[in-house]
Structures are given as structure tokens and as C-alpha cells.
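Enquirer: One-letter residues, chain by chain:
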Amino acid sequence: MKDSFTQSMDWLHTWGGLVFGWLLFVIFLTGTLTVFDKEITYWMQPELHRLTPSPVNIQAAADQLARLAPAADDWWIELPHFRTPELTISWQDLDQGQQEQRKLDPATGEIMTVRGTRGGEFFYRFHYQLHLDRLGTWVVGAAAMVMLAALATGIVIHHRIFKDFFAFRPQASLQRSWLDAHNATGVLMLPFHVVITFTGLVIFWMIYMPGGVDVFYEGEFGNMLAEVEQRVDRKRTGTPASLASLAALEQRAKIQWNGGVTEWIQVRHPGDLHATVDVVRRADDRLALISDRVTFDGTTGDVLKVWKGEGPAFLTYSVLIGLHYLWFDHATIRWLYFFMGLTGSVMIATGSLLWVIKRRESHTSNHSEYRIVESLNIAVVAGLLVAVAAFFWSNRLWPSDVPGRAVWEMRTFFLVWCLCAVHACLRRDCSKAWKEQLVAAAALFALLPLLNLVTTDSHLFVTLAVCDWRLAGVDLTCLAVGGSLFGAAWRIGRQAVPAQQSISSSIVEAGP
Amino acid sequence: MGNVNGRKKHPWQDVASRVAAAALGGYGLTYSFTTFLTLILPLPRSEAVLAAAMCSFILYTGAILWAFAASSSRQAWMGLLVPAVGCCVVAVPLALAVVP
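Top to bottom, those sequences are chains A and B. In case it helps, the working numbering puts the first sequence at residues 1 to 512. In case it helps, the working numbering puts the second sequence at residues 1001 to 1100.
In isolation and in its complexed conformation, chain B is listed as follows (with noise of 0.2 Å):
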């Protein structure tokens, strides 16, 4: 977001974008991370789910404020957007081998 005067400008494409990454992206980050999460973890497979669904919202939290803080609507995009990536790519080998 550009300074002016030590105040923010907020163009409204800048927002929507940031919002939508907070809302969409984060949901999307948070869904994978969960799943990553709840392959991984060595515990019986409700408790793996349990565990991994209780810590979804801190990271959901943590991911609405980038999108905020991020220093472009962008960076916020990116910034949520390759780790989910990174995480289905990861979960979904570990998905077929684990899951009967």
C-alpha cells in the first residue's frame, strides 16, 4: 500500500484483492496445511484429524493478517498461495500412499 503523508492509501482493487486473499487464499492455505498436517503427524488417523483441525485456525488467523500486512496485494497472493501449493504437492503422494 503506497504512504501518503504518513497516511495509507487504499485503492478499492487493492483491498478487494487483499481481502479475497484473506478470505479464499487463506481458506485455501489453511485446507491444505490441515490435510498436509494431518497425514503426517504419527497418531492414530482421528486423532492426526483432530489435532490438525484444532491448530487450523491459528494459522488461519496468521494468514488473514498477512494478507494484510503484506506489502503489496500481491506479495499477500504469493505469500499464501505457493506454500498451498506446496503443501497439496506434498500431501497428495503421501494421501495415496497412506490412505487404503
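So that you can see chain A by itself, here it is in the shape it has in the complex (with noise of 0.2 Å):
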């Protein structure tokens, strides 16, 4: 029995992996980009990068919004911080169009003109929508569950864990390094693995298992989340009353506190009698993503409200989301995080080109029957590389004053993505398309520096001068990734060779 088990989670392992581990490889790289999000989208504007860190001027932003949205329904003011030098405010009308948004210098409240991007939450939305909105989220998490049989199957199957950690074999035959690197990658941030799919199902608990809402809140989430949030909702009396300061409110929503920052400040029908103000806390410095609130009357700037999360069940959801999301600011487990990420990518990976090197190995037939499979992976993993560093070259490219430019960073990235999808299918010869593409990735995220160098004054010689890290590390990380992808593409030079060897001598043995 206990053989039969293991042999049915080998066959789910293998099955499940292939199928799934495309989508799951997409999701984990783009996923580890997420990790330096705001670095990416900082790097993404440089029309910021001359902001230096100054005491934040909540005035003359409300100042802003009372001449350019007097008559708008909700105010946001987000504040700047450590990774996100500019002060955002947006709006919205009452007819609940569109939210509109602005970045301002956080010193003197003037008004910047920066390239439309989507920065860094591109790889963000992309990492749990696929561009798919709620239909995308589904598949994720379909992936997301695939991921965690994956993680218990290949627990259950590699049960030597330690031993076959200890053991990796570059030298020895194709496949078994390639087993070697996956089971190495897999174990040596196993925990990693587990929390991260883990958390990431638990933070859309109310898409994928609604089933306590529908019993206890009519099936609408979005009375659970009044009843736990607990935001004061007045109306809007339309008697026109003045705004108090909001610089003093946000001051006295920092005494609540006993220290911390503000994130963001929310004004609900600014100008009106019943305008209500709520300052809300940054979470960075918990790993419960829990933003601690404090509501005040906007006209008479009473306290109408203290809210911290509470309740065991809560805390340990923010616990969770926390531990996925990452807002908790601490540089080095930031870089562990994208180093697992990475690892995670690594290990999905080599589990999809092992499958290929496995049946490539051990019979001749039907080139086929695994070509599919071989294109599919060079599409996916070589291809999002060359399109995620396109995306970094559109950037720098489109012109600032393109209208929808946001929009055509991202179908340069989608059409490069396909372009290599393409060339994956065409190219005869699988390991030179491999070598093609990575060595296509690896120049453009070499060469990233130097485009830099050229349209910006951003570029890694004045950055390193001055020591700003959160720009030079985009740069150096691109050379980094640009040396170690010209690096696989050499080794994927040399072990073609081997491959073909021994297809062509099991065909002679085979025989007439």
C-alpha cells in the first residue's frame, strides 16, 4: 500500500507540476518582482528622483484638493515615505466616475509632471490577476491550490530529504543534476514555498471559500468588512461647513498611536457639515497587516473613532497576509524574500525541464510528443525574462508625452512575450532557441544600465555617487541577472552536446 501511495503522489506530483507549473512560474516571477515593487516603479519615473527626503506639507496638499476637487465626494492624501519619495492625492466625484490622481513635491505641494506608468504594480496586479481580472484571480488560486499538492506530493516522494538535499550533482547525467537542482531548490526553501502559496490563498479567503459569509452576512462580503472595520459612515448633509486642518488632525491621530506614520488620510465630503477625516497608520513596522485608524468630524475635529484590529482570528489573518505581502520595512528580509522567489522560480522550472530531460533521455521516440512541452517551456520561462526586461527598455523608449503610455509599456511586454512564444514554436532546434532567447533576456538586462546611462540622469554613475541604493540596486540587480542568464545560456551550450549523444547512440543500439 505504502508503495501505491507514493507512486499515485509521484504521478500527481509529475501530472499536476507540468500541467500547472507554466502558470506557477509566471506567477512566482512576477511574484518576486512584487518583493521591490515600489523600488521598480521609483525607478519607472525619473522625474522624481530629484526629491530629496523633507518634512511632508499636509497643507498645501489639501490645498491642491480644495482648487482642483472642491466639489469631489472623497479626498485621498497618500503620504511619502522611505520608498515612495512623492506625495500622491487623488479624488473622486460624486457621480463615482473616475478616481483621478496627482503626484505632488511633498515639500512645496507643487503639482510634478511624471511619464504615465504603471511602475512596479504592473508584475504586482499581474502576479495574482494575469491581466484577467476576476477571472484571472480564480486561475491563480487554482494554481495557488496545484502548488500546495505539488509542495505535499513532492514532500511525500522525496521523503530522503535530507540526503538528497546534501546531494547535487552538476557533472553527473543531465537528469539527475536537473533533479538535483529542483530537489535542492524545493528543500532549501521549503518553508518558504508552503508559507508563501499558503498566504497567498489566505488573502483572497473571501473569493475562493466564502462559505461563512454566506451563512453569517448574506453572501456580501462587504457587510463582514464594515462589521470588522468599522468605519463611520455619515452622509452627506449638504450644508457647506469649512474643512478643519488636516496637518493638525493628522498630528493628533499620531498621539493615538504612540508612534508610528501616517500612510494615508481620507477626507469623505470635504466642504460638508458632516465631512469625515480618517488618518490611517502605516504598517510597516508589524508584521500584522493591520492599519490602525483613528476617524475624526472634519468640521469640528472631534475623535469619532479609535479603531486597532482585534479579535485572534483577525490578528492571525494579518499575521498571514502580512507575511505575503511584505510591507513590513526591513531591507535584508526583503532581499531574502526575492532571493526565494527566486529559488521558488528556479525550483519550478527545473521540475517543467525535467520533465522534458526525462523523457528525452530514456527513449528516442517522438520528438513530438515532448516538442510541445519544450516549446511551452522556453515560451514561459525564457520569454518572460526577455519581456520583463522589454518592459524596463519600453520604459526608458516611449516617449514622455505619448497619451496612454502606460498602456503601451505594457503591450510592448505582452507583444514581446509573444514574439518569443512564436519563435519558441518555429525554431527546430530546442536548445538553440533556448540559447537565443536567454541570451536575448540577458543583453537586454545587461544593457539596462547603460539605456539608462543614455536617457536619464539616473544612470548607475551618479547613483552610486550619491549612494542612492533603491535606484542603483534596480540597475546593479539588472547586471546581475543579466551575467547569470548569459552564464545558463553557456551551460545550456555545452549540455546540448551530452543530450544529443545520447539520443543518437540509444539509435544505433536500437538498430536494424
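Just so you know, not all the hints are guaranteed correct.
[To be verified] Stretches of chain B that chain A covers, calculated by requiring three or more beta carbons in the stretch to come under 8 Å of a beta carbon on chain A:
id: 1; segment: 1025-1039
id: 2; segment: 1048-1058
id: 3; segment: 1061-1067
What the hints contain is simulated information worked out from the structure, not anything from laboratory work. By construction, the Cβ of each residue, glycine as well, lies at the ideal position given by its N, Cα and C atoms.
Dock chain one against chain two, each of which comes alone in its own frame, and use the hints as you go.
Expert: Here you go:
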């Protein structure tokens, strides 16, 4: 029975891993990029690079809002911080139309003209929605469940876990060394892979497992949210009244928190008698992702509510999602997550590669049987890398004044990815296809700092001189990635030869 | 699944049935158990909803493994549907009693 169980789990691991591996690689890689989403967004907006840390002028922001959106129903002021140095104001009109946004210099409140870009947020949204809105969220959820099953079955079949981990044999047969790579990257970061996948599902529990909401809240998650968050919801009266000083309210909120920084301020019905001001605390100094909130009467300045998250299940939930979102501000941990995410991406990619190599080495038949899989491997793994690099290139190359510029950057990403997919399908020699795409990705990444030098003033010579590690970090990481990919391409070039030999030698053995 | 020379034979009907059991049957079991758990947990309702939902994904993973570990696809389905129906049967009167 035990053997049979292990065999079933092996089957499930192999086929579940294969069918969902491409999706999971995309989710993991874009998730890894999301670890540094704010740094990427900052790098992609060179117009903001002249900002230096300065005290925030909330009054200036409020004045801009009063000037630009006096009749709006909702105002937001997002305060700057280390990872996002600009101040952002946004508003939404009474008829629930489009939300508008402006970026301000935090010291003067002057509106800054910044090139349109989605920045790192593009990878963040792609990571959990695959650019497909709610349907995409479901697909990602399904993939995450298969990932959990793949991790569990992986543990079952590799129960010689520690022995496997310490055996990495890069010079052994191709299949053996890829298997070792797959096992090593899986086992080394197993706690991370399990936690990141589980917590990812927990974030969207209300979409994936809404049973409790259906029973207790008439199927409306909004009802539960209102109960938990205890937002003060006051209707507009229509009587005009002057808004209290937002800067003063923000100061008073900070006193309630005993330390901590404000993340954003929301004003509902500004200029009305029932104006309500929410001052929300930044959740970057604790693991639990809870944004404490103080709600004020916008006219009189009275405190209407002080909300801190509570309840053991809610706190557990907040820690779990905090572990995934990583708003916790700690540079070393952030880099660790980046490294672990890359390891997870390598684990998934080596799994898909292993599937092909195992079959290629074991029999000579049907190139077409695994040709589709190999093409998909190249298109997804190498192609995505090329597309990511192309996205960064498009940010520097698309002119700033093109309307819908942010959309054009995304289109460049998808177009390049499609071209890579076509190349992967049409190229007859798979190892050449791998090599060509990896070299393309390597070149695009490695040359990005050079492109930066030519197109902006935020290149390495400047950023290293002033020790701006957020910006220099992006350029340096691209150089490192480019170097690694060149190394991978070279390695694949070397390894193609033994594989061909083994196929031709088995043809000779099979003989007439 | 039948054993031939130590390697498993997997007729596509068996695979399809188990995949459906894992995906749909597993979801059905997880959904009904989560609802049942939400109803019986002695916590304030938002807490109970959250606690049960967080546990649900572990159960679903187990259900997926079961669907492929069971000795036949019939057993896979039974092992998921019977507890699912059981949870529903218990949960419905509970829901009517507890929810105003």
C-alpha cells in the first residue's frame, strides 16, 4: 500500500506540476519582482528622482485638492515615505466616476509631471490576476492549490529529504543534475514555498472560500468588512462647512498611536457639515498587516472612532497576509524574500525542464511528444524574462508625452512575450531556441544600465556617487541577472551535446 | 489504479474522474466543511468566519491528495462526497437555528 501511495503521489506531482508549472512560474517570477515593486515604480519614474527627504506639507496637499476637486466626494492624500518619495493626491467625484490622481512635491505641494507608467504595480497585479481581473484571480487560486498539492506530494516522494538536499551533482547525467537542482531549490526553501503559497490563498479567502460569508453575511463580504473595520459612514448633508486643518488632525492621530507614521488620509464629503476624516497608520513596523485608524469629524475635529485590529482570528489572518505582502520595512528580509522567490521560480522551471529531459533521455521516440512541452518551457521561462527586460526598456524609450503611455509599456511587454512564444514554436533546434532567448534576455538586462545612462540622469555613475541604493539596486540587479543568464545560456550550449549523443547512441543500439 | 509490472496504468477515464473529484468534489467538501466549522466555532461571527476560512485550504490540499491516493476513482468520489453531504446535513439546521 505504501508503495502504491508514493506512486500515486509521484504521478500527481509530475502531472499537476507539468500542467500548472508554466502558470506557477509566471506567478512566482512576477511575485518575486513584486517584492521590489515600489523600487521598480520609482526607477520607472525618473522625474521623481530629484526629490529629497523633507517634512511633508499636508496643508499644501489639502490646498491643491480644494483647488482641483472642490466638489469631489472623496479625497485621498498618500503621504511619502522612504520607498515612495512623492506625495499622491487623488479624488473621486459624486457620480462615482473615474478616480483622478496627481503626484506632488511633498515639501511644496507643487504638481509634478511624471511619465505615465504602471511601474512595479504592473507585476503586482499580473502576479495575482494575470491581467484577467476576477477570472485571473480564480486561475491563480487554482494554480496555488495545485502548488500546495505539488509541495505536499513532493515531500511524500522525496522523503529522503536530507539525503537528497546534500546531493547536488552538477557533473552527473543531465537528468540527475536537473533533478538535484529541482530537489535542492525545493527543499532549501521549503518553508518559504509552503508559507508563501498558503498565505497567498488566505489573502483572497473571501473569493475562494466564502462559505462563512454566505451563511452569516448574506453572501456580501462588504457586510463583514463593515462590521470588522467599523468605518464611520455619515451621509452628506448638503450644508457647507469649512474643513478642519488636516495637518493638525494628522498630528493628533499620531498621538493616539504612540509612535508610528501616517500612511494616508481620506476625507469623505469635504466641505460638507458631515465631512469625515480618516487618518490611517502605516503598517510597516509590525508583521500583522493592520492599518490602525483614527476617524475625526471633519468640521469640529472631534474624534469619532479609534480603530485597532483585534480578535485572535483577525490578528492571525493579519499576520498571515503580512507574511505574504511584506509591508514590513526591513531591507535584509526584503532581499531574502527576493532570493527565495527566485529559488522558487528556479524550482518550478527545473521541474518543467526535468519532465522533458527525463523523457528525452529514456527513449528515442516522438520528438513531437515533448516538443510542445519544450516549446512552452522556452516560451514561458525564457520568454517571460525577455518580456520583463523589454518592459524596462520600453519605459526608457517610449516618449513621455505619448497619451496612454502606461498601456503602451504593457503592450510592449505582451508583444515581446508573444514574439518569444512564436520563436519557441518555430525554431527547430530547441537548445538553440533556449540559447537565443536567454542571450536576448541577458543582453537586455545587462545593457539596461547603459540605456539608463543614455536616457536619464539617474544612471549608475550618479546613483552610486550619492549612494542612492534604491535606484542603483535596480541597475545592479539587472547587471547580475544579465550575467547569470549569459552563464545559463553558455551552460545550455555545453549540455546540448551530451543529450544529442545519448539520443544518437541509443538509435545506434536500437539498430536494424 | 491497476498495477502492471510495478508501473501504474492510468486509463484516461480514471484520470478525468479523479481530476474532477479533486477539483469539484474537493471544493464541495471544503466549502461545506468550512461552512459547518463556521457555524460550530464558539467565536464571534466574523472571527469564526475567518478561522474556518484559513483552515479550509489545508483541507482542500488533503482532499486533492486523497482523490489520487484512493484505490479507485469511485472511492475517491465517495471519500469526498459522503463527508461533504454529512457536513451539509448537520449545517443546514444549525444555520437555521443560529442565523437570525
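Enquirer: None of the hints should be skipped; say for each whether it holds.
Expert: To see whether the hints hold, each was checked on the structure:
1. 1025-1039: Answer holds; 7 residues pass the 8 Å Cβ test.
2. 1048-1058: holds (count 10)
3. 1061-1067: Result for this restraint: holds, n = 3.
Checked against the numbered hints listed earlier, the structure breaks none of them; every hint is satisfied.
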